[in-house]
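Protein sequences appear in the order of chains C and U.
For the first sequence, UniProt numbering begins at 1 and goes up steadily by one.
For the second sequence, UniProt numbering begins at 1 and goes up steadily by one.
Because the hints were derived from the structure by calculation, they are not lab data.
Don't take each hint at face value.
Straight-line Cα separation of at most 25 angstroms, DSS-like style, residue types lysine-lysine; simulated pairs [stated by the list, open to error]:
(1) U/K5 - U/K42
(2) C/K22 - C/K70
(3) U/K52 - C/K22
(4) U/K5 - C/K70
(5) U/K35 - U/K24
(6) U/K35 - U/K5
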Amino acid sequence: MMGEEQGRLLERLLAGEQSAFKELVDTYQGAMRAVAYAIVGSRNADEVVQDAWLAVVRNLAGFQQRSSLKTWLLTITANTAKNRYKQNRREVLLDDLPAPHGSVGDERFAGDGHWLLAPSAWHEDSPEALLSQDELRECLEHTLLSLSELQSSVLVLRERQGLELEQICNLLDISLSNVRVLLHRARLKVFATLEHFEETGQC
Amino acid sequence: MLTCKELVARSSDYLDGELPLGEKLLARQHLLFCKSCRRFIKQMRLTQATIKALPEAPVDDIDEIVQRMTDAQRTQDKP
Numbered sequence: 001m002m003g004e005e006q007g008r009l010l011e012r013l014l015a016g017e018q019s020a021f022k023e024l025v026d027t028y029q030g031a032m033r034a035v036a037y038a039i040v041g042s043r044n045a046d047e048v049v050q051d052a053w054l055a056v057v058r059n060l061a062g063f064q065q066r067s068s069l070k071t072w073l074l075t076i077t078a079n080t081a082k083n084r085y086k087q088n089r090r091e092v093l094l095d096d097l098p099a100p101h102g103s104v105g106d107e108r109f110a111g112d113g114h115w116l117l118a119p120s121a122w123h124e125d126s127p128e129a130l131l132s133q134d135e136l137r138e139c140l141e142h143t144l145l146s147l148s149e150l151q152s153s154v155l156v157l158r159e160r161q162g163l164e165l166e167q168i169c170n171l172l173d174i175s176l177s178n179v180r181v182l183l184h185r186a187r188l189k190v191f192a193t194l195e196h197f198e199e200t201g202q203c
Numbered sequence: 001m002l003t004c005k006e007l008v009a010r011s012s013d014y015l016d017g018e019l020p021l022g023e024k025l026l027a028r029q030h031l032l033f034c035k036s037c038r039r040f041i042k043q044m045r046l047t048q049a050t051i052k053a054l055p056e057a058p059v060d061d062i063d064e065i066v067q068r069m070t071d072a073q074r075t076q077d078k079p
């Protein structure tokens, strides 16, 4: 959202326009949910997001626009999540759960580091063409659900929400190297699902 | 010279621009000569774009959330 557009939305929010609140929730709820999901897990994420929205309303008049609206909203969400779970803040789990179609593992390479099973060409070369297949869409959802909460959130925040790695570190209180590991493992699993589907035509 | 396995291990950092200059050059050099790894990187980019294009689940209780927000704002505005 550009500066001017954001300014207009803020004015409408401060004036209490219901349609402006709807636009705000519609645009940012997904990103906020991903942040909450990473910090408190799936069971409590929705509750944290609801509390965060109320905190947003309380602080709206004080928003200085020093950061983008999105960054401000995500910071409030992260703080709401962290405050609530201060006592039992989880350790960063780098545990790698098995994915439906695996990853790109050592077995793909020969002893000298060359491909043993090199990637073959895919039939589709655009996201639209890939996602026009219902079965593949479901298959991808299934793979995303198999990721750990943290891994899936980092992937969503990076790819879908377009956040910089540094922003993800700050919001989730994890190191850059951990973000990189989480992201790489998550991407390889999604890659493996796409590859499997392209090769076999089924999930 | 990087091996294919090393290239794959660095692929996310390569795509995110997180590789230090020396390693970035090594990766580029490898890609110049290795068709399989070029294809792999291309497919990784497609993977990224596909995740981005995957439709987000709609907010199902949006009216309820909006109502609570406007209520909260009204209560706050009262002196």
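Hint-by-hint comparison with the structure:
no.	hint	verdict
1	U/K5 - U/K42	holds, 16 angstroms
2	C/K22 - C/K70	holds, 15 angstroms
3	U/K52 - C/K22	holds, 23 angstroms
4	U/K5 - C/K70	violated, 37 angstroms
5	U/K35 - U/K24	holds, 17 angstroms
6	U/K35 - U/K5	holds, 14 angstroms
In summary, the structure is inconsistent with hint 4 from the numbered list given earlier, while agreeing with all the others.
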